[in-house]
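**Student:** Residues per chain, in single letters:
2 protein chains.
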Amino acid sequence: MNVPSLPSVSIIGSGLIGQAWAVVFARAGCVTTLWDGNPQAAQQAVTLIEQQMQTLARYGLVDDVVGAMAHIRVADSLEAAVAQSDYVQENLPEVLDIKLDIFARLDAAAPPHAIVASSTSGIPATAFTEDLAGRARCLVAHPVNPPSLIPVVELSGAPWTSEQTLVRTRAIMEAVKQKPVTVLQEIDGFILNRLQGALLREAFRLVEQGYVSVEDLDTTVSHGLGLRWSFMGPFETIDLNAPGGIRDYAQRYGPLYQELAKTQVDTEPWSNALIDRVTTARRADLPEDKLAARRAWRDQRLMALAAHKLQQLNKTEVPDAD
Amino acid sequence: MNVPSLPSVSIIGSGLIGQAWAVVFARAGCVTTLWDGNPQAAQQAVTLIEQQMQTLARYGLVDDVVGAMAHIRVADSLEAAVAQSDYVQENLPEVLDIKLDIFARLDAAAPPHAIVASSTSGIPATAFTEDLAGRARCLVAHPVNPPSLIPVVELSGAPWTSEQTLVRTRAIMEAVKQKPVTVLQEIDGFILNRLQGALLREAFRLVEQGYVSVEDLDTTVSHGLGLRWSFMGPFETIDLNAPGGIRDYAQRYGPLYQELAKTQVDTEPWSNALIDRVTTARRADLPEDKLAARRAWRDQRLMALAAHKLQQLNKTEVPDAD
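Residue numbers (this note's numbering), protein chains in the order written: chain C, 1 to 322; chain X, 1 to 322.
No wet-lab data here; the hints were simulated from the structure.
Just so you know, even glycine gets a beta-carbon here, dropped at the ideal spot from N, CA and C.
Hints may contain errors.
As the list claims (entries may be wrong) - Below, in silico cross-link-like pairs of lysine-lysine (DSSO-like), each with a Cα-Cα straight-line distance of 30 angstroms or less: (1) Lys-262/X to Lys-309/C; (2) Lys-290/X to Lys-179/C; (3) Lys-315/C to Lys-177/X; (4) Lys-177/C to Lys-290/X; (5) Lys-177/C to Lys-309/C; (6) Lys-309/X to Lys-290/X; (7) Lys-315/X to Lys-177/X.
To be verified - Covered stretches of chain C (chain X as the covering partner; in silico rule of three or more C-beta atoms under 8 angstroms from a C-beta of chain X): (8) 73-82; (9) 151-165; (10) 186-200.
Take the sequences, apply the hints, and build the full model.
**Tutor:** This is the structure in structure tokens:
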């Protein structure tokens with residue numbers, strides 16, 4: 001029952017998320033076993049994982065592709081995939097019946113000490129683990145896509161998930177260089193999407209009410225608000241933005257933000273007219289047939305940013321700031 | 001009345017914001033004239049501006065310190081400061097009477113074609129320009145501190161600010177490499193602080209209700225949500241996060257975000273107990289006597305990020321993404 005510093009890992013489901021998880025675990029040095037209901041898909045995934053690693057290596061985000069790939073295996077059966085596992089990461093479609101079925105199979109097959117985690121973003125662990133004998137070792141470990149580039153992982157247990165499961169999963173994620181966040185009680189949207197939702201709602205509201213264009217709203221974040229948030233959270237940001245720290249900030253600006261909040265309370269659905277308007281603005285900037293190319297650009301930018309952050313972290317000397 | 005591609009600029013008030021504005025305009029090649037009610041402060045500011053430029057030069061964010069400094073002048077009087085000006089940027093304290101007084105003086109002294117802008121974050125242009133003969137050329141141009149590192153500038157006119165003033169100010173900001181955003185109707189908090197406020201409120205709420213620790217909430221942003229937002233806005237982010245673009249995204253996730261929004265409507269002030277709790281968590285991570293050093297670190301990170309973004313922008317070839 002020791003926490004292995006480098007666990008043996010099983011990846012259940014070898015689609016995009018499963019592949020990215022395989023990159024994360026294998027590049028960290030974990031023996032990583034893939035299983036997919038479609039055996040051909042799992043074999044194909046190995047090729048795609050290697051291609052992803054080669055791309056990441058060009059940005060310095062994988063040191064040794066051959067060494068990392070040597071940690072990857074494909075299992076013929078789910079039982080074989082998890083037989084030697086310390087940690088199981090499930091990545092099947094977001095359908096409750098599928099989660100119920102696969103978690104029953106995984107709980108039956110995985111060794112007693114293994115943790116069994118789901119990548120689901122939308123289904124709470126409560127909904128698919130309640131009746132399992134091993135429910136205490138089950139939880140959600142929700143990545144942001146792709147986890148190979150965006151390290152945060154939200155850990156959300158059911159009420160019956162043991163404290164030890166959460167603590168061990170956190171340690172495993174840290175060991176493979178991810179950034180775990182513990183969701184202390186189950187809540188829809190976990191933490192990240194709740195924060196995103198709050199900002200998006202204000203963004204849609206400001207456009208709907210005619211205060212700003214879609215393009216300028218994006219500029220406000222991409223050349224302003226988002227810069228600090230790419231290396232500091234919102235609390236640290238405001239802690240540094242008042243002479244006396246966060247208490248001082250709250251005293252200075254709390255009343256302003258409270259006044260703003262009073263105008264940020266509507267809960268209407270985004271109207272069709274609003275979605276039309278935002279869509280029209282986006283398609284004027286980026287035609288639909290350029291979406292795929294822009295996604296490739298985004299992934300390149302994410303890789304370059306990850307490399308930049310790594311370089312900043314590894315810096316022993318920084319230029320004087322005067 | 002042509003838009004000069006490089007305007008002659010006056011900086012009124014030579015504190016931190018005025019100094020950073022001087023860096024922005026002088027490094028872009030604008031003749032930049034400082035004035036401060038305290039002449040010694042203006043002279044001292046020149047020294048501080050040069051130090052800032054030297055630091056920025058080490059990150060590749062100023063090409064030629066000597067050349068840039070050669071564009072900076074100090075005026076003995078407000079009238080002399082603005083006599084040859086195309087664009088005036090005012091940076092005095094956030095007090096309505098001070099804004100009323102200085103705008104009356106600036107409007108009387110500046111050439112008829114000059115634009116007169118305030119850096120205020122909290123006072124709408126309506127409140128201090130209504131009675132001016134030249135009110136059509138007055139507006140707020142709100143920077144994020146420091147504008148030398150964070151390029152977004154929110155342009156917010158009063159109802160009587162001319163369209164031409166807004167268009168010319170946008171062109172000037174683009175000419176000096178800032179990123180202008182036009183606020184189409186006056187609104188408290190402009191755009192950036194309204195977006196920040198919406199996210200902060202959810203952040204405080206999640207901590208208050210026991211869903212996440214202060215530290216983990218910050219991690220969720222600094223290692224997750226904030227990464228894409230450092231180079232794409234929230235609309236572009238979701239546009240690329242569904243196969244069919246933003247309309248597809250809104251159809252898939254709009255109902256989820258609407259459900260979340262129903263639990264994001266309280267408008268209570270942040271309680272003392274809550275602020276105590278967040279303060280305790282922050283001070284455990286960063287003692288009060290380390291705040292200044294951490295601010296210097298933040299500024300170094302902002303400089304490194306600005307250099308990184310510039311490098312990405314200048315890239316003619318990018319590695320294949322496969």
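**Student:** Next step is simple, just say for each hint if it's right about the structure.
**Tutor:** Verification of the hints:
1. The suggested pairing of Lys-262/X with Lys-309/C is violated, with an alpha-carbon distance near 36 angstroms, which exceeds 30 angstroms.
2. Using a Cα cut-off of 30 angstroms, the hinted pair Lys-290/X and Lys-179/C holds, with the two alpha carbons roughly 24 angstroms apart.
3. Restraint check: the Cα-Cα separation between Lys-315/C and Lys-177/X comes to about 29 angstroms, which is no more than 30 angstroms; the hinted pair holds.
4. Distance hint between Lys-177/C and Lys-290/X is fulfilled; the C-alpha atoms sit about 27 angstroms from each other, no more than 30 angstroms.
5. This hinted pair checks out: Lys-177/C and Lys-309/C have alpha carbons roughly 13 angstroms apart, not beyond 30 angstroms.
6. In summary, the hint linking Lys-309/X to Lys-290/X is supported, as the alpha carbons are separated by about 28 angstroms, within the 30 angstroms threshold.
7. A hinted pair counts as satisfied when its Cα atoms are at most 30 angstroms apart, and Lys-315/X with Lys-177/X qualifies at roughly 17 angstroms.
8. Given as covered by chain X, the region 73-82 of chain C fails the check, having 0 residues with a CB less than 8 angstroms from a CB of that chain where 3 are the minimum.
9. With 3 residues carrying a beta carbon less than 8 angstroms from a beta carbon of chain X, the region 151-165 of chain C meets the three-residue requirement, and the given coverage holds.
10. With 13 residues having a Cβ less than 8 angstroms from any Cβ of chain X, the region 186-200 of chain C passes the three-residue criterion, so the hint holds.
Going through the hint list in order, the structure does not satisfy hints 1 and 8.
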